[in-house]
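Student: Sequence:
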Amino acid sequence: MLNFVEWLATTKWSIALHESLYLYPWIESSHVLFICFFFGTLIFVDLRLTGKVFGDLSIAEMNKKILPLTIIGFCLMSLTGLLLFYAIPIRNYQNIFFRIKIFLILVAGLNALFFHKRMSKEAKNWDKDSLIPTTMKVSAVASLFIWSLVIISGRLIAYNWFDCDRQPQTEWINFLTSCVVEYQLYEEIDGI
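Following my numbering, the numbering of the sequence shown begins with 4 at its first residue and continues without gaps.
Heads up, some of the hints might be wrong.
[What the hints assert, rightly or not] Quick list of in silico lysine-lysine cross-link-like pairs, DSS-like style, CA-CA up to 27 Å:
#1 55 with 124
#2 67 with 120
#3 55 with 67
#4 68 with 124
Treat the hints as calculated values from the structure; they're not laboratory data.
Given only the sequences and the hints, what does the whole structure look like? Please build it.
Tutor: What follows is the structure, encoded as structure tokens:
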């Protein structure tokens, strides 16, 4: 995978995007706005499913109106995120916070799959009974928590605390970030 990412970094569009004076900041700003849009709409649905707020709103109607906006926000957030990765592929690929973010997105996706599969079958019954199953409440709270961690880990990508060029790092950090380190070089520097 590292070879592919290194090749990606040498493509003319990746270089142009990274070196762009205006385009990269615009994409980064758009990514943050789309995160707010996505998470903002997600909060309504998840909080409603906890049963603590918006109790007078129909879950089925709320999903019908808000879910398309959430999907649009997710698609735009993902597109701008891919462009940000494409602009600096090696650094992002080897960034531990980026890897944590991707892992959390996969976990959030599995939670959403479970969540929406069950909700599509039973949401109308919840509106009538106003009794939301505990598993759905837990899934809604987990969704909010996981997506919050995605946002936090995404923000931490900007910091270079564990970047490959900041050696020496612990072996487990180098392993988790796929850093290729010439240990002899550092041993020689330490011995001087």
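Student: Now look at each hint and say whether the structure bears it out.
Tutor: Results of checking the hints against the structure:
no.: 1; hint: 55 with 124; result: 22 Å, holds
no.: 2; hint: 67 with 120; result: 15 Å, holds
no.: 3; hint: 55 with 67; result: 20 Å, holds
no.: 4; hint: 68 with 124; result: 17 Å, holds
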